[in-house]
Each structure stands twice: as C-alpha cells, then as structure tokens.
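Student: The chain contents come next:
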Amino acid sequence: DTAVSQTPKYLVTQMGNDKSIKCEQNLGHDTMYWYKQDSKKFLKIMFSYNNKELIINETVPNRFSPKSPDKAHLNLHINSLELGDSAVYFCASSHGVGAKNIQYFGAGTRLSVL
Amino acid sequence: AQSVTQPDIHITVSEGASLELRCNYSYGATPYLFWYVQSPGQGLQLLLKYFSGDTLVQGIKGFEAEFKRSQSSFNLRKPSVHWSDAAEYFCAVTYSSASKIIFGSGTRLSIRP
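From first to last, the protein sequence lines stand for chains A and B. 73 is the number that the numbering used here gives to position 20 of the first sequence; each next residue is one higher, with no gaps. 28 is the number that the numbering used here gives to position 26 of the second sequence; each next residue is one higher, with no gaps.
Mixed in with the good hints, there may be bad ones.
Said to hold, decoys possible - On the chain A side, residues computed to face chain B include the following (Cβ under 8 Å):
(1) 89
(2) 93
(3) 98
(4) 99
(5) 143
(6) 152
(7) 153
(8) 155
(9) 159
(10) 160
Unchecked claim - Interface residues of chain A toward chain B, partial, derived using beta-carbon atoms under 10 Å:
(11) 57
(12) 86
(13) 88
(14) 97
(15) 101
(16) 105
(17) 145
(18) 161
Bear in mind the hints are in silico, worked out from the structure with no lab data behind them. Even for Gly, the Cβ is constructed at its ideal location relative to N, Cα and C.
Isolated chain A, as found in the complex:
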C-alpha cells in the first residue's frame, strides 16, 4: 500500500481554471505538508497542517488554499491558475512537528498550465 498518495499524477489545464490536488496518507501521521518543486528542482514548502490546523503558511498567493478534512488528508485547491503555477507539487507527512521528524513524500503531481 502506498504510504502517501496524491491524485492526480498529471494535471494539464488552461489558464484561469480552478483545480484541486488530493493527498492521503495511511501512516497514522498527524502532520502534512505541501511543497512546490519548480523547473530547476528547487523544493519549497508552501503549507503545513498539524492535527488539521495550519501551522506553516509561506508566502504563497491566496489563490492557493489548503484544506485538511482530517489528519489523513490534505488537499490543495488552486483558483485562477497562472502559467507560473506550472510545477510539480509534492505532499508529505510526518509524525509530529519537531525538527527531527522524518517526512515521507508522495510521488508528486505534475501540473502544467497552458
């Protein structure tokens, strides 16, 4: 069974559309994350939730809205998609929020905005 699963794996859409990416983890973790990996492979955190509460909210356009219905799920909704949103988005999870916590990553969602 996949520990951290994201859907869809690929997403191709037009500028201005609204889309969602779903993430689920079956590891029993209480903390989940969204990362954006740009074309140069640079990985940057966007959001983090602990027990369904937002704990990290980096400088991200408010077109991006995370939602955590329960500890096992963290979805990412993006409004009014722009060309610059094209990237690979990774979901991750960990047990707790401390600096030593190991993060487990999903396989990524490749978003292409045309």
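With chain A's structure known, arrange chain B on it following the hints.
Tutor: Relative to chain A, chain B alone:
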C-alpha cells in the same frame, strides 16, 4: 537566512566508481541533516540522517555521509555506484529551533555504463 548549498548541479560517474556529493549548510546552533533521493517520476525518499553522536552515518542502499561541523558540511558518499543510483539527490537541514525543513537545490547524478 538559513540555507543549504549543493554546489554541483550535475555529476556523472562511471558504474562501479566511487561517489561524493557535496552539501554545505548555513550556520545553526544544532543542525539536523538529511539526504533524500528522488528517482525519476517519484517522490523523495530518505537515504540517511544525522542528529547527534557519531559523525559518520550509514544509510540505505550503501550510502553514508559525514558531518563536519568545522566545515558546515554533510557530504554523501558511496564506494561503488550502480546504474540504479541515477537520480536527483537533495540535502536538507532543520534546526532545533524550527520545524521547517530547508532543501538544497539538488544534484543530478548520472551513471556512465
């Protein structure tokens, strides 16, 4: 700002040769260091980590890394690479005072047959 530097964007080594990937982190009181590997089309997988104690740590797939505080480095090594090691490698750091992990820009490893 705290940062991680991986000076080598792309490295090519011959199969069976030794490997060293470099990583430097910005000063922090108590760094916790990680190496992750990303195979094509996959998410990141933890190779090894250093929190404290023995500065030479062993990881999965035959990798090891050495923490050198005086050089602010955490270089990844493998004595003999296999074609399946071709991937992107990321060094990362957290600090005891923070919960956010900071990733380097990655080093792409290619293997020459």
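Student: Decide, hint by hint, whether the structure agrees.
Tutor: Comparing the hints with the structure gives:
The interface hint given for residue 89 of chain A is violated, since its Cβ lies 11 Å from the closest Cβ of chain B, which is over the 8 Å cut-off. Among the interface hints, the one on residue 93 of chain A holds; its C-beta lies about 7 Å from the nearest C-beta in chain B, closer than the 8 Å criterion. Annotation: residue 98 of chain A was flagged as interfacial toward chain B, and the flag holds, the nearest CB pair being 6 Å apart, inside 8 Å. Interface restraint check for residue 99 of chain A: the shortest CB-CB distance to chain B comes to about 11 Å, outside 8 Å, so the restraint is violated.
Given hint, residue 143 of chain A at the interface with chain B, holds; its Cβ is 6 Å from that chain's nearest Cβ, closer than 8 Å. A cut of 8 Å between beta carbons decides the hint on residue 152 of chain A: the least distance to chain B is about 4 Å, and the hint holds. Among the interface hints, the one on residue 153 of chain A holds; its C-beta lies about 6 Å from the nearest C-beta in chain B, closer than the 8 Å criterion. Below 8 Å, beta-carbon pairs count as interface contacts, and residue 155 of chain A has one with chain B at about 6 Å; its hint therefore holds.
Of the supplied interface hints, the one on residue 159 of chain A holds, with its beta-carbon coming within about 5 Å of a beta-carbon of chain B, less than 8 Å. About 5 Å separates the beta-carbon of residue 160 of chain A from the nearest beta-carbon of chain B, less than 8 Å, and the hint is met. With 10 Å as the threshold, the beta carbon of residue 57 of chain A comes within range of chain B, its nearest partner Cβ sitting at about 7 Å, so the hint holds. The restraint placing residue 86 of chain A at the interface with chain B holds, with a minimum CB-CB distance near 9 Å, inside the 10 Å limit.
At a threshold of 10 Å, the smallest CB-CB gap from residue 88 of chain A to chain B is about 8 Å, leaving the interface hint in force. The beta carbon of residue 97 of chain A comes within 8 Å of a beta carbon in chain B, closer than 10 Å, and the hint placing it at the interface holds. The interface hint given for residue 101 of chain A holds, since its Cβ lies 8 Å from the closest Cβ of chain B, which is under the 10 Å cut-off. The interface hint given for residue 105 of chain A is violated, since its Cβ lies 16 Å from the closest Cβ of chain B, which is over the 10 Å cut-off.
About 8 Å separates the beta-carbon of residue 145 of chain A from the nearest beta-carbon of chain B, less than 10 Å, and the hint is met. Against a cut-off of 10 Å between C-beta atoms, the interface hint on residue 161 of chain A holds, since the closest Cβ of chain B lies about 6 Å away.
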